[in-house]
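Number of protein chains: 4
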Amino acid sequence: MTLKLGVIGTGAIGADHIRRCMQTLSGARVTAVNDINAESAASAVKSYAPNAKVFSDPHALIKSDEVDAVLVTSWGPSHEEFVLASITAGKYVFCEKPLATTGEGCRHIVDAEMKHGKRLVQVGFMRPYDSGYRALKAVLDSGKIGDPLMLHCAHRNPRVGKNYNTDMAITDTLIHELDVLRWMLNDDYVSAQVIFPRKTPKSLPHLRDPQIVLLETAKGTRIDVEIFVNCQYGYDIQCEIVGELGIAKLPEPSAVLLRSEAARSEEILTDWKERFIGAYDVELQDFIDGVRSDKLRGPSAWSGYAAAVAADVCIKAQVSGAVEPINLPAQPAFYN
Amino acid sequence: MTLKLGVIGTGAIGADHIRRCMQTLSGARVTAVNDINAESAASAVKSYAPNAKVFSDPHALIKSDEVDAVLVTSWGPSHEEFVLASITAGKYVFCEKPLATTGEGCRHIVDAEMKHGKRLVQVGFMRPYDSGYRALKAVLDSGKIGDPLMLHCAHRNPRVGKNYNTDMAITDTLIHELDVLRWMLNDDYVSAQVIFPRKTPKSLPHLRDPQIVLLETAKGTRIDVEIFVNCQYGYDIQCEIVGELGIAKLPEPSAVLLRSEAARSEEILTDWKERFIGAYDVELQDFIDGVRSDKLRGPSAWSGYAAAVAADVCIKAQVSGAVEPINLPAQPAFYN
Amino acid sequence: MTLKLGVIGTGAIGADHIRRCMQTLSGARVTAVNDINAESAASAVKSYAPNAKVFSDPHALIKSDEVDAVLVTSWGPSHEEFVLASITAGKYVFCEKPLATTGEGCRHIVDAEMKHGKRLVQVGFMRPYDSGYRALKAVLDSGKIGDPLMLHCAHRNPRVGKNYNTDMAITDTLIHELDVLRWMLNDDYVSAQVIFPRKTPKSLPHLRDPQIVLLETAKGTRIDVEIFVNCQYGYDIQCEIVGELGIAKLPEPSAVLLRSEAARSEEILTDWKERFIGAYDVELQDFIDGVRSDKLRGPSAWSGYAAAVAADVCIKAQVSGAVEPINLPAQPAFYN
Amino acid sequence: MTLKLGVIGTGAIGADHIRRCMQTLSGARVTAVNDINAESAASAVKSYAPNAKVFSDPHALIKSDEVDAVLVTSWGPSHEEFVLASITAGKYVFCEKPLATTGEGCRHIVDAEMKHGKRLVQVGFMRPYDSGYRALKAVLDSGKIGDPLMLHCAHRNPRVGKNYNTDMAITDTLIHELDVLRWMLNDDYVSAQVIFPRKTPKSLPHLRDPQIVLLETAKGTRIDVEIFVNCQYGYDIQCEIVGELGIAKLPEPSAVLLRSEAARSEEILTDWKERFIGAYDVELQDFIDGVRSDKLRGPSAWSGYAAAVAADVCIKAQVSGAVEPINLPAQPAFYN
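Protein chains in written order, with the working numbering: chain H, 1 to 336; chain C, 1 to 336; chain S, 1 to 336; chain P, 1 to 336.
Since the hints were made in silico from the structure, they are not lab data.
There are no misleading hints in this set.
Where chains are identical, the list cannot tell them apart; a pair therefore holds if satisfied intra-copy or between any two copies.
Listed next, the in silico DSBU-like pairs over lysine-lysine satisfying Cα-Cα at most 35 Å (straight line):
| # | residue 1 | residue 2 |
| --- | --- | --- |
| 1 | Lys137 | Lys219 |
| 2 | Lys137 | Lys118 |
| 3 | Lys63 | Lys4 |
| 4 | Lys53 | Lys4 |
| 5 | Lys144 | Lys202 |
Just chain H, same shape as in the assembly:
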C-alpha cells in the first residue's frame, strides 16, 4: 500500500521533500503536515499536497492514524524531541541533519531506539546516496587501489552569509564529510587537529576561513579536509583516496566541455543545492522503500551520533590547536 507520510517543518527543505514525495518518488504520499508557522504549513499543502491535513500539534501528527512514518524537517534544536516521540509511537522517522545538536542528544535517540528493539530512524545524510560517492566506494571496495592510507578532501563554497561562524565550518560543513568518510572507510575517527592557514580577505572578520581539519582513523588512515567557504569560484567537493596500489578520485559532476575564448572549460556549480540534487531523491526513495519493506538501510542514528561526537571534538581542536582524541564507543551489534 502507499505509505502515508507526516511532515513536521515546512521550510525550504521540508516543502521540497513534500514536493518530492508527491511528484517524483514512488510509493508514498504526504497525508499530514505541521509547522510552527501555520501559514507556512498551509502554503506547502496548497502547493504540493492538497489532500493533506494540517496539524497544529506536531505530537498529534506523530500519533495520528493518518501517518505511517514521519519526516522531521523542522528547526534543528527541535529534532531530538520529535525523533524521540516518533520512536515512542513506534513509527519510522526520517530526520534531517542534525539528528540532535549535541553528541549527547544523539545518544538519547540511540538509547531510545535500542530500547525499542528495532531500527526506526534514518538520518538525512544524503552523500552516501550520491552516485559519485557510490562509484568511489565501489572502486575502493573492489580492492583495485588496495587499502586506503590517506584521503585528501575539500569542501568549498563560493561564499557564506553573515551568520556563518567558525564553529559552523564543523557543524554545518564538515559534518557531511564526517558522515560520508566514515561510511566510505568503514572506520572510526580517533583524533582531530585543526590548522588555520592565512585567512582569505574575502572572509568576514569573525570567521576563520579557510581551515584544514586533520583526522586519524582507528586503522591509521589519515584524512585532510580543506574547508574553504569563501573560495569565490564555485561549490566544489573533492575526495581523493590514496591506497596502497593506486588512487581513486570522486567524479566531477558531468559538464559540457567547451572550447571558446582561448580556453577548454567545464562549468563548476555554484549552488550547493544542485550538487546533490539527485541524491536527495534516492535517499528519500530508499527511506520509503525501507519502511515499506520494514527494514531501513540508510544512515542510522548511530551514524548521526558518531558524526556528532567527532564534530564536538573538532570544535575543541579549533580552540586548542592541539591533536585532540575522539572517543566513540564501539558500535553496538544492533547497528551492524
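Mind docking chains C, S and P on chain H? Use the hints.
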C-alpha cells in the same frame, strides 16, 4: 488521480517499463498487460504489478475502461497497428521506437493523429531526455558558441550479434542520432552520403563496419556520424558541435578517476543499457506528467516520421554511394 | 667539426632559424647569409651571427667554401631554384615548405636528387618532430589500437588575414596534415573530396570557411580533416586515430588546470608559432646531426612531392565537388 | 667564445651532463674531466667528449686554464669542498644537489661566495626550469587566483631501493619541493610538522612510508606534501595552489588519450628521469648562458642553504612529532 496504464508487450523493455512505473515513477500504475506470449505477460505481472489484469487481446486492452493510456513495447512491426488503435480509441500512447517500420507507416500515424485533432502520441526516443544532451542543447541555445556549422558524432558499440546487418546500422543505431540531432539543431536533413572505411576484421562477413554517414541540413550545417558497432573497447556516444565562436561537446558519463598501473583512467561503459538509464526514467515520467496535464511535450509522431524518412534515404545512400537528397515535407503547424 | 651553414632568406622564419642555430642548437653555426633585401640580411647577421658573411648572390653563397650546408628560407617560388642549385653543388639543403609551388616542381627536385645518387634534401615539415605526434605514432605502432580505420582531424586558426584565400586552406593549412598523416600511417592517398559546410559569418566574402576534406588511403583508411581558419577561439590541432581495438588522440598542449569563476579551464594557444615551437628545434637539430653523420632522416624530397601532389588534387576537388582520384607513383626504393 | 667546462664526477648524472653539453646545448664544450674512478672518467670522455683532458686531481682541474667553469657532479659529501675550491679560483660552478650535506656546510659556501663579492654558484635544482612549474608560477604571478593560501602537493615514486630510509624522504625527495615551493611562493618556511599515516605494506620494515609534511610560511600559507615512495602506480608529482580567488594545478605531463579496453586512459610515467628531462636541458643552458653573460640567474647558494635548513628541521619533526620552528636568517641583499 493516479494514471492507469496498459502495456502491450512484456519483453525486456516492456517488463522494465512496468517495473519503472510501479517502483520508481510517480503518478501512474500499470493496470493492464498484454503479450503475444501469455506466460511472459503473467510473469511480468507477477514480478512488478500483481494487481494488473492480463488481457489476451491487445485491442481489448486498448479499449478497456481500466486503461487511461497505452505503452506499446511489442515487436516493432506491430507498433503501427496498436498506435493507430490507440488514436482511434482517443487514448494517449507511448510507443517505443520505431513508431513504424517505414516512413510511410509513420505517415499513417501522423495523418490519423492530425485527423483526431490533438497530440496523443509520444515516441520512445530517450536521448532528448538525457542530462548530457540537455546540457549540450542548453549551451547551444545560450549562443555561447554561435550558430552551429558542423557536428562530429560517433556511435560505437563494443560488438553486435550475428543478426545485425548493414541496414541496421541505420535503422537501429543511427536512428537515435537522426532523432536527437534534429531536436538539437531544430533543423531538417536535406541530403545524406555514406562512406565505408576499411572494414574492421572484428566484423562479421555480411556486415560493413564501420560506416561514416554525412548529413547536410536545410541551414547548411554538416554532420558526420561515425557508426562503429564492433569497436571492441566500449559503448561510446560522442557529439561535438562546432559553432561560429566555439565548440561544445557532449559530457562523458561521470566516472571515478583512477591512478593505477602507470595510467590515469576513467571507466567507459560497455553495456548500452546503462548509458541512458536515467533518461528512460525522465522520459516516461514526462509522458505520465504530460498525460495527466493533458499536454504531451516529448518526441512527437512527426519526429518519428522525420527520423524514418531520413533513415530510408541513408539506406539508399549506402547502396548508391552517392549524395542522396532527403525530401521531408514542412512540419505542419499542428506539431509546433 | 662544427657545421657551417649558409642561410638564404632572412624573413621571420629565416632570422629565427639563424638565432636557433647560434643560440640553442648544438654543432652548427651560421657562416653565410643572403637575402634579396640586403638590409634584412645585414640586420639578421647583426642580431644573431655577427661573424657571418653577407652574400649578395645566393648562388655564390651555395657554392662558397664557407658553407657546408644550406638553409632555404626565402620566398616560396624561389625554393625550387635554390634547392636544385644546392643539389648541383652536392650540398645538403634544408628547405622550408613548400619544397616547390607545384607537384611538378617537386618532381624536378626528386629527379635531380636521385640522379645525384644520395639524399641531400630535407623539407621543413616540423610536425613529425612534435612530441605529441611522435607519442601518437608510438601508440599506433605499438599495436595497442590495432590497424587504423579512420582518422578525425581538425586544423583551426582563430582568424586569417585578408590575403588568405580558399586555395590556401589546402596549400598553407592542410599541407601539414597531408605530410604528417602520410608519415603517421605509412600509407598513400588515393582520393580526395571537399565539403563546404555553412560558411561562418566571421569569414571574408572571398573565403569559403570552414571546409571538410575527406581523404582515402591505399589501405582504405578514411580521413576527415576539418579546416576552420576563423574559428575565433584558438589555434587548435586535433588528430584522433580510430583503430580496430581502440582510439588514440593527439595530446593537448600541456596547460595549468585552473578553477576560477565557476569553471575548470585550461588555456588554448592562440598563436600558431607557439604550438610547434619545440618541434622547430628538434627538426633543425636533426638536420644538423644528419648532415654531420652524412645521413638525413627527416622529411625527404619525396615527402614534399607526395604532399604537393595530394594538395593539387584537393584544390581540384574544391572546385568539382566530386571525389577526385590521387595518382602518386610508387615511392622509389631510393627513398625507403 | 665557446665556454670550456670541467666536470668533476662522471657517474650517471655527470656523464649525462657531458653528453648534454656536447650534443644538445649551445655555447659550451667539455674540455676537462675528473672522477675518483679513472676508468669511469676515461669512459665518459671516450663516449661524449673525445678531445677532453682527463685530470687525476680535481683541484688541478678547477685551477686549469682549460676550464672556464666547473660542473660538480661527484658524490654528495664532496660537493662542499669542490664548490669552495671553485669560488677560491674565482670560477663559476654548477653543483648538483645537495650543495652540501648540512645547512652548516651550505652556509660556508654562502659566506665564501659573499666574501668573493659576486654570485658564482648555481645549484642543480631543476624544477624551476620545468615548463609546468613555470606555467604554474606565471598563473600565480598573474593574480588570477589571488594570493596563495594553501598548497596541496604530492611526490610519489613507484618504489625505492633498500638503501632508501625515512630521512631520505626529506633529503632526497622532499628537498625538491622545499626548493621549488620557496621559489614559487617567494616566501620562507617558519615551521614543519610530520604525520605518519598507516604504513603501506609495500614498504620495507625500516622505512616509514607514506609521510605527510605540513609546512607553514612566513606569510601564513599552509603547505601539505604527501611523500609516498612505494605508491606502485607511477612517478607522480602534484602541486595545487589554492588562492583567494581560485585554484591552479601543475599540468600533468602531456600524454596520448587512449580509449581501449573499457577505459579512457593516459599514461603516467614510472621513471623519474623522464619527468624532468626537458628541465635539465634548460637548466644547464641557463647556466652556460649565465656564465657567458657574466650573470647567473638560476638557483643560488642561498636557495641551497634555505632548502637544507628546512630539511634539517623536517628530520627533527619526524622524530619529535611536534610542530618544529624553522629559523632561517633573512636573505642577504646580495642574493636578491
